[in-house]
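> Chains A and B supply the protein sequences, listed in that same order.
Per the numbering used here, the very first residue in the first sequence carries number 1; after that it's consecutive.
Per the numbering used here, the very first residue in the second sequence carries number 1001; after that it's consecutive.
Please note that the accuracy of each hint is not assured.
What the hints assert, rightly or not - One side only, chain B facing chain A, incomplete, derived with CB under 8 Å: (1) Q1052; (2) L1057; (3) F1068; (4) G1069; (5) Q1087; (6) E1097; (7) Q1099; (8) K1107; (9) G1112; (10) Y1140; (11) L1141; (12) S1144; (13) F1146; (14) N1147.
What the hints assert, rightly or not - Simulated pairs of lysine-lysine, PhoX-like, Cα-Cα distance not exceeding 25 Å: (15) A:K244 with A:K119; (16) A:K244 with B:K1128; (17) B:K1114 with B:K1074; (18) B:K1074 with B:K1006; (19) B:K1223 with B:K1006; (20) B:K1114 with A:K268; (21) A:K231 with A:K268; (22) B:K1125 with A:K231; (23) B:K1128 with A:K205; (24) A:K247 with B:K1077; (25) B:K1024 with B:K1074; (26) B:K1153 with A:K120; (27) A:K231 with B:K1107; (28) A:K244 with B:K1074; (29) B:K1114 with B:K1125; (30) B:K1077 with A:K119; (31) B:K1107 with B:K1006; (32) A:K251 with A:K123; (33) A:K251 with B:K1077; (34) B:K1071 with B:K1081; (35) A:K268 with A:K186; (36) A:K251 with B:K1107; (37) A:K247 with B:K1107; (38) A:K123 with B:K1077; (39) B:K1128 with B:K1107; (40) B:K1081 with A:K123.
Note that these hints are calculated values from the structure, not bench results.
C-beta: ideal position from N, C-alpha, C; glycine also.
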Amino acid sequence: MKNVVIGQYVPGQSFLYRMDARSKLLALIILMATAFIVQNFYHMLGMVILVGFILVVGGLSITRIVRGLRPVLILLLFTFTFQMLFVNTGDLLYTTDLTLSLYNLPIMLAIIAFWMFTKKYVKFRFLYLLLTIFGILALLASFAPGDIISSSRVQIYTDGVLGAFFIMMRLIIIVTLSTILTLSTKPTDLNLGLERLLKPLSIIKINAEEIAMIISIALRYIPTLLDEANKIMLAQASRGVDFKEGKFRDKIMQIISLLVPMFIISFKRSDELANAMEARNFVPGRPRTRLHILKWNYVDTLVIVFVTIVLAFSIVLRVVF
Amino acid sequence: MGIQFKDVSYGYQSIEGGLFQAIKDINVSIESTGEFITLIGETGSGKSTMVQHMNALITPQTGSVEIFGVKLHKGMKKDVKLNPLRQKVGLVFQFPEYQLFEETVLKDIIFGPKNFGVSEEDAVKRAKEVIKLVGLDERYLDRSPFNLSGGEKKRVSIAGILAMEPDILILDEPTSGLDPKGRDRLLDLFMDIHHKTNKTIIVITHDMNTVYNYASRVLVLNKGSLVYDGLPNELFSDENILNWNLDLPDLLSLQKHLEKTYKKKLSKTPISTEDLLRLVKEELL
């Protein structure tokens, strides 16, 4: 476990890297808000182009951004399908009957069985699943001789398509922007920036510094804990725990044999950490000097001014149109 | 039988994307009976990686390891059962905290044997035997393993492995963090087990006294390579000490000091305190 990287920071040289964590966070929030204010197809397109522009100028690899989008793929597909199927305002675009009959039912089952057996050998499994589902739907829509078992009507309206488009675009923009932030900012800087931005909350008795301290300690200990988990797994494996196999009951025992030492070691470690911090005169809530100091440059001012103009523009456009 | 290493290498991915070669081209053969081996080397020299191979916890990236007739190598068949090997070769990790998790010492000791298919009844019987073997008594069996002292935890973790009745026992720095008396008692315990059962015992250690006073064979790892495999009393030549950053065992540094004071060399290196005493009486006084 020596190759653990926390966050997904990738070193680089572009203006994104010269920016202050605070201005990056602020710009992110403003741009996200803009993505929700925009409600016209062409304006949304402009928004997408803007994000693409940031990507290109920022010199970040597109593959990493796509990798960041992958976890939300399922969510995107869900919202897309639901929007398409259940919104029924606007003009009717397309309608068809999905019919399950005595003859196409076995064909459908055969397709599913075929998919189950062949999915192991296909490289893009998700795409294959989508293709299979689409194939079944096409079958139900076009070929239904024999006695009808059940039938339902599918209607797609223009508003559904537009709504699906907007939701997808917004999600993609939000995820892409936050990926840009995490790719170009070290977790420690991000944490420091967050702390500074949350400082005004001290008026309502929320101590941003403590929250930031908790986050940074948690980040620091992720690799340590992973390393420890690995060692415990080895120690238990040498006592005959087979983490790869076993029935459900065995699995529970395996997890317990891993978690109990994890907890005990973590508690001990936190105790020791608290002592070490106190030994170096750390007092919660007392002002501290910093090793890393955030610097606000002219780039930051420029970017903030720019995104504020974008926001104002989008508000104006929404009010006018 | 026993364990055979053939040209074994193993590396870890480092953060920069490079490969850190933990062990390189290790060739060694270990019998299943009659050996008391110490494995020494600086931190990061690959000792732990090597013993994890012996326990089939990791498989070699190049070369092969043969454990009791089962050959492990890269790209071997997936249906090779590794678990029985882990019963035959018992590995005690350095920190007992990594292994203790049950509510009572008894449950923790029988955890290993039960995993290897020993009935609960037999496992409890074994637990009662091994707890005495490691120098604790049966009252400990009902206690929580987390309320024990460091030395007691260590003993319980060793008992947990002994109860599996392995053919070869491997201990990763068993005496670290113990006081001298506790250390000696534990080492005497291993020696006792070794004499009673004739099982091979392998001890990773930084303590040269352990090497000199207990071992019948010593393996030295230096930067991932096996540089010495032989008798302990031939290991401590001036050249070896310099090359591999070794300490002198107490007995030999005493000999050196005496030789310097009396400006006279002893005819042979002593193997025990009595031996040194006799040599000093005969040759120096």
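> Below or equal to 25 Å on CA atoms is what counts here, so check K1125 of chain B against K231 of chain A.
violated, 29 Å
> Does K1107 of chain B hold up as a contact with chain A if the rule is Cβ-Cβ below 8 Å?
K1107 of chain B check fails; min Cβ-Cβ to chain A is 11 Å, beyond 8 Å.
> Quick one, are K251 of chain A and K1107 of chain B close enough, alpha carbons at most 25 Å?
holds, 18 Å
> Can the restraint linking K231 of chain A and K268 of chain A be considered satisfied, given a maximum Cα separation of 25 Å?
It holds: about 16 Å lies between the C-alpha atoms, which stays within 25 Å.
> Measure nothing beyond the straight line between the CA atoms of K1114 of chain B and K1125 of chain B; if it is 25 Å or shorter, mark the hint as holding.
holds, 12 Å
> Would the pair K1223 of chain B and K1006 of chain B pass a check requiring their Cα atoms to be no farther apart than 25 Å?
Holds. K1223 of chain B to K1006 of chain B sits at ~18 Å (cutoff 25 Å).
> Hinted pair, alpha-carbon criterion (25 Å max): K244 of chain A, K1074 of chain B. Please report holds or violated.
holds, 18 Å
> Quick one, are K244 of chain A and K119 of chain A close enough, alpha carbons at most 25 Å?
This hinted pair holds, its Cα atoms lying about 22 Å apart.
> Going straight from one Cα to the other, do K1071 of chain B and K1081 of chain B come out at no more than 25 Å?
Holds, at roughly 11 Å.
> Next pair to validate is K1128 of chain B with K205 of chain A; report whether the Cα-Cα distance is within 25 Å.
With a Cα-Cα distance of about 58 Å, the restraint between K1128 of chain B and K205 of chain A is violated, given a limit of 25 Å.
> Does the closest beta carbon of chain A sit nearer than 8 Å to the beta carbon of F1068 of chain B?
violated, 15 Å
> Assess, step by step, whether the Cα of K251 of chain A is no farther than 25 Å from the Cα of K1077 of chain B, and give holds or violated.
Holds, at roughly 24 Å.
This entry does not satisfy hints 3, 4, 8, 10, 11, 12, 14, 16, 17, 20, 22, 23, 26, 31, 32, 35 and 40, going by the numbered hints stated previously.
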